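The listed protein sequences derive, respectively, from chains A and B. Remember, my numbering sits 7 above the position in the first sequence when you count from 1. Remember, my numbering sits 7 above the position in the second sequence when you count from 1.
The hints are simulated quantities; they were obtained by calculation from the structure and are not laboratory data. Where hints are given, some of them may not hold.
The list cannot tell twin chains apart, which means a pair is met if one copy fits it or any two copies do.
[Stated by the list, open to error] Pairs of lysine to aspartate or glutamate residues, derived as EDC-like cross-links and limited to a Cα-Cα distance of at most 16 Å, are as follows:
1) Lys-269 with Asp-218
2) Lys-128 with Asp-99
3) Lys-246 with Glu-84
4) Lys-169 with Asp-119
5) Lys-246 with Glu-36
Predicted model, so just to flag it, every value in this text is computed and none were measured.
Protein chains: 2
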Amino acid sequence: MSESIESKGPLVIIGGAEDKHENCTILREFVRLAGGIDAHIAVLTAATAYPQEAGIEYDRVFSHLGAAAVDIVHTEEPDDANSPQLLEIVADATGVFFTGGDQSRVIRVVQDSLLEDLLHKRHREGIVVGGTSAGAAIMSEVMIAEGDSTTHPYLNAVEMSKGMGFLSQVLVDQHFAQRGRLGRLLTALLLEPHVLGLGIDENTAVVVQGDDLEVIGAGAVTVVDESETSHNNLSRLLKDEAMAVFGVKLHILPHGYRFNLKTRQPSVPEGSLVP
Amino acid sequence: MSESIESKGPLVIIGGAEDKHENCTILREFVRLAGGIDAHIAVLTAATAYPQEAGIEYDRVFSHLGAAAVDIVHTEEPDDANSPQLLEIVADATGVFFTGGDQSRVIRVVQDSLLEDLLHKRHREGIVVGGTSAGAAIMSEVMIAEGDSTTHPYLNAVEMSKGMGFLSQVLVDQHFAQRGRLGRLLTALLLEPHVLGLGIDENTAVVVQGDDLEVIGAGAVTVVDESETSHNNLSRLLKDEAMAVFGVKLHILPHGYRFNLKTRQPSVPEGSLVP
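Extracted from the complex, chain A is given alone in its bound form:
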């Protein structure tokens, strides 16, 4: 068992395509959780094939929002993830941010490195860890490595792999409404029973603190709970056949709504007039 998550830092898990030019609601909240105008932010570009461009873009927006320092951590090869200079940046950071790209690149480069150990140590010490798109997918212990977005649930529609493991018992899918990924997430959850699915729309995020999750941004988060399903056909399915499942529970949560990961109960925004 992992230790209590209560002592860990917050997570900001973004469904991709977050606003970087107008109110910057989500990135603004990330900077606030990283210490506001005292924030030292390390931007990890491991996921992207365009690390220079991604680094410049996030340097611009985090600096514009008032962070005291923004450092870009490029890890193009696994060796880079053991580089003393890069480790020093993360050791001093008050917030770490994973860019988008391909989630498998992050795991390939960071897995079993000193950087991986240090990221977990810093998170346990309380710093915020954020990520968008591929940087959101890697947050869980098991992640969706790749998969066809647009089909109904199929056994071969999704490929699972190890994630970075900042959050346990959860599976994250991103660009959720925009890419019609319900089928892909349902399939992944049948392969990983007891895990809760979070389908995060673009320009939308969940902020996780302890067992509490709050939604921020323009879209919604679809919480997919398969814990009370009464039937699925996984045991008799061949590879290209369609899955069946009875009794999946969904909650659609827009800005301000909360969800408790332990009790699996959603709740309305504080101060809401609606019961």
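Assemble the complex: chain A is given as a structure, and chain B must be docked to it using the hints.
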């Protein structure tokens, strides 16, 4: 209240893009329900802007499958829906099939016509009514006229209108997985409480007989049941704000699975080894 649906003919409601060249599983079942090699099929092209092409295509496939007669009913203007020649075709048909296109065209042309009355009379007398894509959307009493497919639930993401009403207490959305329409269907269902949602994938259909629904085809049908939801924010929502809903129930049903519209319970295929 509408009369008992037990006495009515079957419905074959297809999510669009059904196979017309290989096994033709769905259209084959439609022809079988229309009387097999004795079938007289009327193809209604009201939905499409290309009625000639659609008529030729369905004439080819239904004839190929062995139907005794296939007649095309073109109704480009509302007057056509009162034409004695066209009404005679429907009066003699053992099955009626609505092509795809734009569901609003069907309602505009057929509503309040002699054709509308006759279609309901023939259906009550027991003939099968089928439809694909737009021809599936019109099956219900209230239908999704149009709406943005790819967003999360938004109050303005969907426009509802009157359907043909062959099936009550149900709302149909088509091309479901392929166009990522969960958000659109969830929104429509919040606007039409007590109605059950059927999200039908391409090359997939439900065959409705009495209260019993069976899935056929390559994809799956997503049954969306909002009857046990514990909260939604519809009453306080402005037009461009994201919807919230707690506790939607989903069943994903591939080929051979059944669902009872009265009890709202899914069931596994007969002879299945899985409980």
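How the hints compare with the structure:
1. Lys-269 with Asp-218: within (6 Å within a copy, 39 Å between copies)
2. Lys-128 with Asp-99: Intra 12 Å, inter 77 Å, cutoff 16 Å: intra-copy only.
3. Lys-246 with Glu-84: This pair counts as neither: shortest intra-copy Cα distance 34 Å, inter-copy 48 Å.
4. Lys-169 with Asp-119: within (12 Å within a copy, 60 Å between copies)
5. Lys-246 with Glu-36: neither (43 Å within a copy, 26 Å between copies)
Consistency note: the structure conflicts with the earlier hints numbered 3, 5.
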